[in-house]
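Start from the sequences and build out the full structure, keeping to the hints where you can.
Number of protein chains: 2
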Amino acid sequence: VEEQAGRVIIAGFGRFGHIVGLLFRSCGVFPTVLDLDPDHVEMLRRLGLKVFFGDASRLELLHSAGARDARLLVVAVDDEESSIRIIETAQKHFPHLQIFARASGRPHAYRLLKLGVNRIYRETLDSSLELGADALRGLGFRAYEAQRAARVFRRQDEATVRELAKHWATGTDSYLAAARQRIRMSQEAIAADRDGFHHVADAGWDTESLRAEFGAPAGPETPGDADPLTP
Amino acid sequence: VEEQAGRVIIAGFGRFGHIVGLLFRSCGVFPTVLDLDPDHVEMLRRLGLKVFFGDASRLELLHSAGARDARLLVVAVDDEESSIRIIETAQKHFPHLQIFARASGRPHAYRLLKLGVNRIYRETLDSSLELGADALRGLGFRAYEAQRAARVFRRQDEATVRELAKHWATGTDSYLAAARQRIRMSQEAIAADRDGFHHVADAGWDTESLRAEFGAPAGPETPGDADPLTP
Numbered sequence: 001v002e003e004q005a006g007r008v009i010i011a012g013f014g015r016f017g018h019i020v021g022l023l024f025r026s027c028g029v030f031p032t033v034l035d036l037d038p039d040h041v042e043m044l045r046r047l048g049l050k051v052f053f054g055d056a057s058r059l060e061l062l063h064s065a066g067a068r069d070a071r072l073l074v075v076a077v078d079d080e081e082s083s084i085r086i087i088e089t090a091q092k093h094f095p096h097l098q099i100f101a102r103a104s105g106r107p108h109a110y111r112l113l114k115l116g117v118n119r120i121y122r123e124t125l126d127s128s129l130e131l132g133a134d135a136l137r138g139l140g141f142r143a144y145e146a147q148r149a150a151r152v153f154r155r156q157d158e159a160t161v162r163e164l165a166k167h168w169a170t171g172t173d174s175y176l177a178a179a180r181q182r183i184r185m186s187q188e189a190i191a192a193d194r195d196g197f198h199h200v201a202d203a204g205w206d207t208e209s210l211r212a213e214f215g216a217p218a219g220p221e222t223p224g225d226a227d228p229l230t231p
Numbered sequence: 001v002e003e004q005a006g007r008v009i010i011a012g013f014g015r016f017g018h019i020v021g022l023l024f025r026s027c028g029v030f031p032t033v034l035d036l037d038p039d040h041v042e043m044l045r046r047l048g049l050k051v052f053f054g055d056a057s058r059l060e061l062l063h064s065a066g067a068r069d070a071r072l073l074v075v076a077v078d079d080e081e082s083s084i085r086i087i088e089t090a091q092k093h094f095p096h097l098q099i100f101a102r103a104s105g106r107p108h109a110y111r112l113l114k115l116g117v118n119r120i121y122r123e124t125l126d127s128s129l130e131l132g133a134d135a136l137r138g139l140g141f142r143a144y145e146a147q148r149a150a151r152v153f154r155r156q157d158e159a160t161v162r163e164l165a166k167h168w169a170t171g172t173d174s175y176l177a178a179a180r181q182r183i184r185m186s187q188e189a190i191a192a193d194r195d196g197f198h199h200v201a202d203a204g205w206d207t208e209s210l211r212a213e214f215g216a217p218a219g220p221e222t223p224g225d226a227d228p229l230t231p
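Which chain is which? The protein sequence lines are A and B, in order. Quick note on numbering: my numbering labels position 10 of the first sequence as 10, and the sequence is numbered without any gaps. Quick note on numbering: my numbering labels position 140 of the second sequence as 140, and the sequence is numbered without any gaps.
Treat the hints as calculated values from the structure; they're not laboratory data. Think of the CB as a built atom: it goes at the ideal place given N, C-alpha and C, for glycine as much as any other residue. Treat each hint with caution, since some may be false.
Derived CB-CB ranges, DEER-like [stated by the list, open to error]:
(1) B:54 x A:45: 45 to 55 Å
(2) A:115 x B:92: 44 to 54 Å
(3) B:144 x A:80: 28 to 38 Å
(4) B:88 x A:116: 24 to 34 Å
(5) A:53 x B:105: 17 to 27 Å
If we take Cβ atoms under 7 Å as the criterion, some of the chain B residues that face chain A in the derived model are [to be verified]:
(6) 15
(7) 16
(8) 20
(9) 26
(10) 48
(11) 49
(12) 105
(13) 121
(14) 124
(15) 126
(16) 128
(17) 130
(18) 131
(19) 149
A few chain A residues facing chain B, derived, Cβ under 8 Å [stated by the list, open to error]:
(20) 19
(21) 43
(22) 52
(23) 121
(24) 122
(25) 123
(26) 149
(27) 153
(28) 166
(29) 169
Structural data, given as structure tokens:
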């Protein structure tokens, strides 16, 4: 696989980009990294990764980093405005690039969705769900049940963000009404799934696809491919 | 399960604590929340959660929130010093509490380990691995392989943090030497696991426990219970 992997660029090598880069490297994929921090640059050279020092939203820098022949751009910078600028430049000049973007929170995610970026990773979402699922186990929930609750929650939350993004630009009232409705739907869907889980005969909301997901060894859904959740 | 769940306190209801609180709520566990931000407090009341406004490191506030009868304390504040103060107060006055703590990054995690806190969740670790695993799929890796690489990486990284925490206090040279050694070991372990994965007959590093983990529907390891990884 690695040979066909093509070139990968990571913009930003702080806490987030660092982990992505080391994971890639452990799989034989050697990314080119763009970063503003000279300390990071030194560390990257020691790791044997190709580094370009500078602002990743500058067209020349993306060119130098090989964006024309790259397949994938990971935008892992921690500054929201910088993230938006990099993506706008990349979309304009290198529309073939797959973009995977870190987001600080929901408002940032809404902006990314508006730009047409689908692979969005809110930076604290997964660790808070990890903590939550482990804490549920600490309270006596079974491992499978806690893990499943977190998985269902994540799907609902992703769907909610995609739905609310449509209302976000249109004004506060429409947004708040939609937010309230989504919260109701989420709670109902999670309750229905839990009932379905406790009483296996009752195939609740979206239970089939979750069963398939949990039964198979496969990984998580690709956010870009996620079905809108319509309970 | 819920009836025996006992009481849960969440300190901090920003991006991180919010998700933990909503996950609990979706499972029928209604936490008591401590927060400094009046905006959060208003939102929490609307969600029907019990809220105490103030500094969660104050003994009186923890008392009012029911820390004596609680089972579990989630420390989800985003400020490192505040997190340490809350934990020191809780450990001193409510030693029976299970503590689950958010950490900003490695240095914060080292401090928490030194305090004896074992359930530590570095706030961007899991989302960066989610992005990384999805991006590997975008490059053509199979879902299972990408997910597994991320899982192996996470275990190694957790073990590295626990190992380096011992050297962290002892001074820079010892720390750097240990860090270099762990990086070497991690890369070797991941390579060995990948070989084991590609050539199934070759049972590589820790492959048995990973197989069990992936084969069973169960959730993630509890960090507090994780074996130190000694390849």
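Hints, verified against the model:
Between residue 54 of chain B and residue 45 of chain A the C-beta distance comes to about 47 Å, which sits within the given range of 45 to 55 Å. The hint said 44 to 54 Å for the Cβ distance between residue 115 of chain A and residue 92 of chain B, and at roughly 49 Å that hint holds. For residue 144 of chain B and residue 80 of chain A, the hinted distance range of 28 to 38 Å is satisfied, since their beta carbons lie about 34 Å from each other. Between residue 88 of chain B and residue 116 of chain A the Cβ separation comes to about 47 Å, which falls outside the hinted range of 24 to 34 Å.
Against the hinted window of 17 to 27 Å, the Cβ-Cβ separation of residue 53 of chain A and residue 105 of chain B comes to about 22 Å, which satisfies the hint. Interface hint status for residue 15 of chain B: upheld, as the beta-carbon distance to the closest one in chain A is roughly 5 Å, under 7 Å. Because the closest C-beta pair between residue 16 of chain B and chain A is about 5 Å apart, less than 7 Å, the hint holds. Because the smallest distance between the Cβ of residue 20 of chain B and any Cβ of chain A comes to about 4 Å, under 7 Å, the interface hint for this residue holds.
The restraint placing residue 26 of chain B at the interface with chain A holds, with a minimum CB-CB distance near 4 Å, inside the 7 Å limit. At about 11 Å, the closest approach between the beta carbon of residue 48 of chain B and any beta carbon in chain A exceeds 7 Å, and the interface hint on this residue is violated. Checking residue 49 of chain B against chain A by beta carbon gives a least distance of about 13 Å; that is not within 7 Å, so the hint is violated. This hint holds: residue 105 of chain B has a C-beta 5 Å from the nearest C-beta of chain A, less than the 7 Å allowed.
For residue 121 of chain B, the shortest C-beta to C-beta distance to chain A is roughly 4 Å, which falls under 7 Å, so the interface hint holds. For residue 124 of chain B, the interface hint holds, since its Cβ comes within 7 Å of a Cβ in chain A; the closest pair sits about 5 Å apart. Here the hint on residue 126 of chain B is kept, as its CB sits about 3 Å from the closest CB of chain A, short of 7 Å. Hint status for residue 128 of chain B relative to chain A: holds, with the closest Cβ pair at about 4 Å, below 7 Å.
With a least beta-carbon distance of about 5 Å to chain A, the hint placing residue 130 of chain B at the interface is held under the 7 Å criterion. Annotation: residue 131 of chain B was flagged as interfacial toward chain A, and the flag holds, the nearest CB pair being 4 Å apart, inside 7 Å. With a least beta-carbon distance of about 5 Å to chain A, the hint placing residue 149 of chain B at the interface is held under the 7 Å criterion. A hinted interface residue such as residue 19 of chain A counts as satisfied when its beta carbon comes closer than 8 Å to some beta carbon of chain B; here the least separation is about 4 Å, so the hint holds.
A distance limit of 8 Å between C-beta atoms decides the matter here; for residue 43 of chain A the minimum to chain B is near 11 Å, and the interface restraint is violated. At a threshold of 8 Å, the smallest CB-CB gap from residue 52 of chain A to chain B is about 19 Å, leaving the interface hint violated. The beta carbon of residue 121 of chain A is positioned within 8 Å of a beta carbon in chain B (closest approach about 4 Å), and the interface hint is therefore held. A hinted interface residue such as residue 122 of chain A counts as satisfied when its beta carbon comes closer than 8 Å to some beta carbon of chain B; here the least separation is about 7 Å, so the hint holds.
With a least beta-carbon distance of about 5 Å to chain B, the hint placing residue 123 of chain A at the interface is held under the 8 Å criterion. At about 5 Å, the closest approach between the beta carbon of residue 149 of chain A and any beta carbon in chain B falls short of 8 Å, and the interface hint on this residue holds. For residue 153 of chain A, the suggested interface contact is upheld, since its CB lies about 5 Å from the closest CB of chain B, less than 8 Å. Of the supplied interface hints, the one on residue 166 of chain A is violated, with its beta-carbon coming no nearer than about 21 Å to a beta-carbon of chain B, more than 8 Å.
Nearest Cβ of chain B to the Cβ of residue 169 of chain A: about 21 Å, over the 8 Å cut. The hint is violated.
In this structure, the hints that do not hold are numbers 4, 10, 11, 21, 22, 28, 29, in rising order.
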